[in-house]
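J.: Sequence:
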Amino acid sequence: MRSLFACCLLVCAVLASTLACAGDAVLAKAYFEDVSAQMRLEDVQSQPLTPFTGALSKGYKASAFWVKLVVQGHDDAGHASDPTRYVVRVQPSFLDEIALYDPNVRGTVPQWAGDLHPVEAGGYQSLNHNFLITLTPQARTIWIRLKTNSTSNLAVEVLPLDEAMNRDRQQDTVIGFFVSALFIFLVWALVYGFSVQDPLAKVLIISQGITLVHALTLWGYARLWFADQASPAALDTATSLLVLLSGSSFLWFHLRFILEFSPPRSMVRVLKVLLALLPVELVLFALGEVRHALQLNMIMGLLAPPSMVITALMCRAWHPQQQGEQRPVFSKLMLVGFYGVMNVMALALTLQALGVTENSSAIATGPLFGLFSGLVLITTLQLRSRRLQKVSADLQMKWQLAEQNASHEKRQREEQSRFMGMLTHELKTPLGVLLMAINATAPSQAMRARAKRAITDMNGVVERCALVDKLEEGSLSQDQERFDFYAEVAQVMHGLESDALLLAACDGPIVVFADRQLVHVVLKNLMENALKYAAPNSTVQMQVDTLRLEQGTAMARFSIANTPGDSGWPDTEKLFSKYYRSAGAHRTTGSGLGLHLSKHVAVYLGGRLRYTPDTQLVRFEFCLPV
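Here the sequence shown is numbered in my numbering, starting from 1 and rising by one per residue.
The reader is advised that the hints may include incorrect statements.
What the hints assert, rightly or not - Calculated cross-link-like contacts (lysine-lysine; reagent style DSSO-like; alpha-carbon spacing at most 30 angstroms): (1) 332 <-> 470; (2) 58 <-> 29; (3) 272 <-> 202; (4) 452 <-> 524; (5) 578 <-> 524; (6) 410 <-> 332; (7) 524 <-> 574; (8) 532 <-> 578; (9) 29 <-> 147; (10) 524 <-> 470; (11) 452 <-> 470; (12) 147 <-> 61; (13) 61 <-> 202; (14) 272 <-> 332; (15) 452 <-> 398; (16) 452 <-> 578; (17) 410 <-> 398; (18) 332 <-> 452; (19) 398 <-> 332; (20) 332 <-> 202; (21) 58 <-> 68.
Please keep in mind that the hints were generated in silico from the structure rather than gathered at the bench.
Taking the hints into account, I'd like the entire structure generated from these sequences.
T.: Now the structure itself:
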């Protein structure tokens, strides 16, 4: 953006230098305002004239303006390559009707130029209005008559043909640069508008498109390009209409743009009233009052920029915001500064067009104002797009986090539901046994044994739940020591007091270094699980030995195998899942946590627990490093 601003300033400096070039053969200028617009040359020659220098600026008037030019003779034009061939160069390019009177050469017969007249095929053609003249040996007087519906601004020079061509080439370069920049901004707006579904971008596309076409007609391109396709009057009408549409579309965009900064409603209504002048302008235009329509459009251009500055000052988008609201892309200082600069530019251009101040530029500068504003606003939209993308990414992240939290809460609810279901189911039978024992007046020895077993089962469920909770929270700790693994297996087996448990003999002690209590939990869970789900009147085979893994690590191995009972074979996919119990296993008390807990404790101890069945036996292997 900085480089583009620098290019614009450089081109403007080149433009200014071309306007300051020497070579003008005009010795003196004076004008007369023909209020009736009906006077002839003979009538004007006897009227008092008002001398002036530079450009003539008279605003929107129905008058005809006569300009008297005293042109030097070719005896004083020794610097020109051809001292006799000169160009009367008239600017700006949007003037309706220009007549050149050269009494010493053509008498009272005028030459015509302007938007309402065709470009002379054999004459000198450029973006400006031109007349070819021949200098006489001595200085002489020529007259220019201007009558236009647009602002009566007139800059006229009499230049040698070669210098006029050189000046026009420089002018073509400068204006071509600005037209190219407007075209680039339009393409930029199109790409942005179709890549981002932003209504503001669509308004910008319309505004930039009208500004580009407006520049092509106002700067004379349409008059040269479409001379054979459309009449001069049609092109002039299109130019005037585009002037009206350009200003209103520009105000429309700015009204839509500033709404994003929370402006006060009163100022929004003021801007809408100014925008509502367009239908009035179009009605005047349709009735043939083109000059009044253009003048009303210029008044709108005079009032809109200061209104935008006041609106920017009163915007509330930077006030303390609610949680989650995004701050605007522009700071308030930037917004007010932008509209302040735009106001100064618009004020200068409008006062020149209205004839209040002297016109310092011979080229129509309205589209340049659109160029500057388009440059800043497209940059703003890019920043706004990045902000919206960031907001969208943040919202996407928040949505994902919310979805994850919802999923986590759902899992927690499901976990709680399964946990409560497990507790309800697994504690119902033991509590029933205890209730029977309590209600019995003289409980038998068997009843007492069953009550004791029920308490043991409930205690086991509670212990497993507590251990699983510690594992999941990461609060489980180890108290490692060296002990005989085989002796620990035998101790657990004796504690269960079951004749169905058979432990094969071992050649000698197998020492492991681990937490004895956690190892005890795993062994007890595996043995209780085998006893619960083994076939009736069958035995549970156990063995302790060592093995060496492929990596060379020596491991102590505890194997336990049983014949499947009424509950059948376990599901290998869900075997170690939390709360898993096979369909036929619910006839016995259990939490569904034993194997799940044992698997994770084994890993926590640096070992492993695997399910290794064969065709006849359910088998588990629990290994620990030696």
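J.: Of the hints stated earlier, which fail here?
T.: 1, 6, 13, 15, 18
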